[in-house]
Each structure stands twice: as structure tokens, then as C-alpha cells.
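Novice: Chain by chain, the residues run as shown.
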Amino acid sequence: MQPLQKSMRNKKTIAVLTLGVILIFAGILASLSYGARVIPFAEVLESLFHERADSFNSAVVKERIPRTVFALMAGASLGVSGSLMQAITRNPIADPSILGVNTGASLSVVLGMAFLKIGSLHEYIFLALAGAAVTAVFVYTIGSLGHGGATPIKLALAGAATSAALSSLVSAVVLPRTDVMNAFRFWQVGSVGGATWEGIYAVLPFLLIGLILAISVTPSLDALALGDDLATGLGVRTGLIRLSSAAAGVILCGATTAIAGPIGFVGLMVPHTMKLLVGPHLKLTVPLSAIGGGILLTFADVIGRLLGSPSELESGIVTAFIGAPILIFIAMKSKGRGL
Amino acid sequence: MKNDMQSAVMSGHRKRRRRFIFSTSLLVITVISLCILALVLGRTPYPLETVVRVLLGEDIDGAAFAVRTLKLPRMVAALFVGMAFGLAGSTFQTMLRNPLASPDIIGVTAGSSVAAVYGILILNLSGQVISMAALVSGLLVTLLIYCLSRKGSFSGGKLILIGIGVQAMLSSVVSYLLLRASQHDVPYAMRWLSGSLNGIRMSSIGILPPVVVIFGGVIILLGKQLKILELGEERAVALGVRTSLIRSVLIICAVVLIAFSTSVTGPIAFVSFLSGPIAGKITGKGAPAEFASALVGASLVLGADLMGQFAFSTSYPVGVITGIIGAPYLLYLLIGMNRKGGVA
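Residue numbers (the working numbering), protein chains in the order written: chain A, 1 to 339; chain B, 1 to 344.
Derived from the structure by calculation, the hints contain no laboratory data.
Quick caveat, the model's predicted, so the values are computed rather than measured.
Accuracy of the hints is not assured; some may be wrong.
The calculated DSSO-like cross-link candidates involving lysine-lysine, where the alpha carbons are at most 30 Å apart (straight line), are [claimed, not checked]:
#1 K281/B / K224/B
#2 K151/B / K15/B
#3 K151/B / K275/A
#4 K333/A / K227/B
#5 K333/A / K281/B
#6 K12/A / K62/A
#7 K227/B / K151/B
#8 K224/B / K15/B
#9 K11/A / K62/A
According to the in silico footprint, chain A covers these stretches of chain B (three or more CB under 8 Å from chain A) [said to hold, decoys possible]:
#10 107–115
#11 158–168
#12 316–326
Virtual Cβ for every residue (Gly too), placed ideally from N, Cα, C.
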């Protein structure tokens, strides 16, 4: 029985993985070819692999490369971040956007823009990370106080309420400063459209650290899912694992937010989908969430460009529209008591 | 022995009643004095006597314009919007048995905001049309949230989670509209979104006062039933309350209040959220909280608007002030509530 199940799972995983790789390539191709100006696939491939940078179309394709790369990276980070947060909080709706982490990052960036006159990418990233970390710890602490620990409803309310509080602080800072307001409104809606190579290089080390940390903790996280006592019995240092997973989750989403602005719901949708596909093993779902997140955000970006043409619909808006119904669906499926 | 107990109960009852009457009259006095302050204070303050004479119809150079066209509408709007937010907020909180479940968190306010922002930024509408649009979309969004949460069995927790999801979608639409707006419209829209009484005229207030009186009155009249709903679905049914009907009527009234006031001033942060709990603290347990919530809401908006206008070097919209005052209180509330384990 056991080996049979295992081989079934392996087959499923391989199938999902293959599909994922195919979709990634499809996503890259679509992202390079669709937009305000649609470029045929053949020409995309040609300008990628032949050094013939003279035509207008190949210039357009080159322009679209950074955002495509960034969409894949950001999506992967958000997917992994979401699945880590859901695992350590044992909470199906933990997601950077719901925990208020995005707003925390926003507030600290806005404060930096207004009072410290920051401008460089590294300063953005550090501030966003700090804001994200403080908010995540804060919301989780409040949400887990009292009877029953961090139930979905308590966590969601703590997140929503903190978000509301932080965003009124954001308006207090932004409203008297027209210049900041204008910079801020473009940052407030998550989008991968503004990605540059410079931004990608600046954020890459953080994402790598986060991903490596994430991959190194997942085996222990699987043990943690059995309950703290059993995990300790299996030799897992539960506190350390929780802390490093939380750090990885916050680094990943904070660094992404610094470049892209708040992109919600990727971290909510992708891990759930992966769990449905391959079962609840974090060893599988964490890496697959990276793939799934990359695919989702790349396609969200393409969809946004197609729907918003000739300009574009920011990918953060597209993901909210796909993701919020999924949150609603999770809420409807629950019996109310389990919340 | 029995007499002792009876007299103890009666004296407790009398004590609570005295406290209720005392605190309510205190709130009424606060609201009235804030209203007077709102009329008197200004760049050039006018003595109370002048203000009264102007209100009675006398024409005094300068003062007549300042009081009748600028200050009176602002004061009236603050008063009624505050009452509406306070009432609607406490209705939702009591009904869902969760002090965090106020309309601005579960998506009702966002439903009105979306239509209003669309009207302001894209269609360049103003006045009554915006009110109607905000009203209709607020009601539709609430209906959607309510229907989704009634699938299977109704539970407050489900409604809140669904509301938060809907809220996330709607606020992304609002951000999108803000991005598409031309740059000179953005400050106006941002101000509106954080709730502002700037530039309010009598014409923009429209039928807000009668709406607040009628629908607010219904909520206050249904206070007893609301109190029973708070005991939970099963007990309310057992006590002979037609839960679905009462709940629907209350939700409709609360949404009408929210949508109308949102369309006039924009969503003023945290007023609907804070009024109920503050009123509860002031009047004590067991007292009908609706009327007191309305008064607290009005004092919050009036007071915060005065602070926003005069306390700082730059004038802030009222919503920013209520937000800054509200944030720490909210956190305090959250912590206290979770400790008690009172959430869902």
C-alpha cells in the first residue's frame, strides 16, 4: 500500500513539474510577445537568439526581458513566502497581503521618502524589509494572543485592522506632500512593469538568501506539521525552525514588495493549488509554489497588459481579482466553527 | 433574605440607569459644545453672539458668508456623518458579535467608495448622483457579502472573512482608478478617500439629515431585537425574534447610513469602528448602546475636524486625524479582546 501511494505521488509530482516547466516557457514567450505591440513568436525567438538588435521589434522584446525575469522571481518568492507563512502559523489564509505586511512595508518606505529623502534602491529594500518584519511580528503576536492561538479569523482581523491603521498613517504622511503622493500612488499598486536590471540585481541577494533558507527548513517544517511534541521527538529544534522560516518568509515578500509594490494573494493562491495537486507535503509544495508563483505572476502581468491595452493593468490588481475569490471560497467552505 | 436580593438587584438596576442617563446627557452636552465651537472657531473667530445673530437671519458683513456658507454646512455634515458612522458601525459590531467587524473592515464602506471614486474621477460627477451611486453599490456589495456568507449556515466569522476578501478586491479597483486619474485630480481623490469635510456646501449635504434621522431612528427602535440577536442565532430564534427579517432590516439601515455619509465626506477612518466600543465603555454594560454610539461618532468627527483644521501647521482632512487617534485605540482593543478570547 505504502509504496503504491508513494509511486502515485511521484507520478503526480512529475506530471505537475512537467506542466510547470512547460507553463514557465509559455509564460516567458507570452510575456515577451504580448503587450501594447504584439510581436509574433517567431520574431521573439529570432531576436532572442540572433544578435540582430537593429529592428524595432527586437528592441521591444529586449525592453520586456527585465519585467519577465522579475515577474518570475517575484512570483516565486511570494509563492514560497506564502507557503512558509501558512505552514508556521498553521493557518490556511496567511498571506503577506492579509497579514498586513505589505502595508507595513509601504508605511516605512513612505516615511523614508518623506523624511529621510531616500532614493536609492538599496535604501528602499532595507526600509521595506524592516517595515515588513515589524508588521508581520506585530500582527502575528496580536492575532495569537488569547484562547485558541492564531485562528484564521483572529489573524485576518488583526491583519486587516493593522493595515487600516497603518494606511491612515500613510495618508497622514503623504497628503501634505504632493511630490511624495505622486511617487507613492505608483508604488501603492503592485506592478512588475517598473522592473529594471538594476532593481533585479539589487534584490537578487535577498531573494537568494530567502530561498536557500526556505529550502533548508522545509524538511523540518514537515515534521513540525505533526505537532511540536512529535517534532521535538524527531530532533527538530522547533523554535529555531519557526524563526528561520518566518525570517525567510518576511525577507522574500519584503524584498519583492520593495521593488514591485504590494502584490497580494499570490502567496495565498499558489500554495493551496499545489496542496490540491500533490498533497500536503511541504517538501514538495514549497518548491512547487515557487514554480507556480512564477507562472501566476508572469501570466497575471501578461493578462494585465492585454486587458489594459494600450496602457496596462497592474499585475497587483490582476492578482487581487483572481485571489480574493479564492479567499472567499476558502471562507465559504469552512463551517464557520473552525474559524 | 429574598427582599435583600430584590433590593440589591433593584439598586443595581437604578445605578445602571443613573449612569446611563448621566453619561448620555454628558455626551449630548459634548456634541452641542463641539457644534458651537465648530461655528465659532476659524481664521477670524466670531463671537458667539454674532454667530447666533447670523443664524437667526441677520446679515453681517463677512460673518454671514463665513458662518452660513462655510461653517454651518461643515458642522451639519460632521454631525450627521458622525452619527451615521457611529450607529452603523455599532450595529454591525453588535450583530456580528465582534468589535472588529465594522463596515470599513468588512468591505461595506469600500463598496460605496468604489462607485463614488469612479463617479468623481472618471465620470466627473458630483452631488446627488454620487450619493445615489455610492448607495446602490454599497447595498449591492453588502448583499453579495451577505448572500455568500449565508450559503450553508450563516456565521459571523464567515461573513467577516468574505468581507475582507471583497474589501481587498474593491480597494485594488480604487487604487487602479487613482492611478488612471489625471494628476491634478489625485490630491482631491486622496483627500476624499481618507475622509474630508473640506469644501462642503449645503447643496452637497442634500438629504443626509433626514436620511440619518429616519434610518438611524429605525436602528435605535430595533435596539432590543439587536440586543437579542447578539445572544446568537439559536437563542434569538428561541426568544421569538425573526432573525433573518430583523437582520436584513438592520443591515439595510446600516448600509444606507454608511453609503450616504460616505458619499458626502468619503470614508472617515475608524469612526464606525471606534464609536461602538467607546460608547460601551462610557454607558456601561447592559445599556442600549446605539444612541450613545451615534453621539460618540458625532463627537469624534466634530472634534477631529476641529483638530485637523487648527491644531497643526498644515490642515489635515478629518479622516487622517481619526485614523491617527484610532490606530492606537484599535490595537489596544485588539489586544484586550484576544486576551479575553472574545473573537468568534
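Novice: Evaluate each hint against the coordinates.
Specialist: Tested hints:
1. K281/B / K224/B: holds (19 Å)
2. K151/B / K15/B: Answer violated: K151/B to K15/B is near 44 Å, above 30 Å.
3. K151/B / K275/A: With Cα atoms ~25 Å apart, K151/B and K275/A stay inside 30 Å; holds.
4. K333/A / K227/B: holds (29 Å)
5. K333/A / K281/B: Roughly 36 Å between the alpha carbons, so the hint for K333/A and K281/B is violated.
6. K12/A / K62/A: It is violated: about 36 Å lies between the C-alpha atoms, which goes past 30 Å.
7. K227/B / K151/B: holds (24 Å)
8. K224/B / K15/B: holds (20 Å)
9. K11/A / K62/A: violated (38 Å)
10. 107–115: Our answer is that it is violated, as 0 residues pass the Cβ test (under 8 Å) against chain A, missing three.
11. 158–168: holds (count 9)
12. 316–326: holds (count 8)
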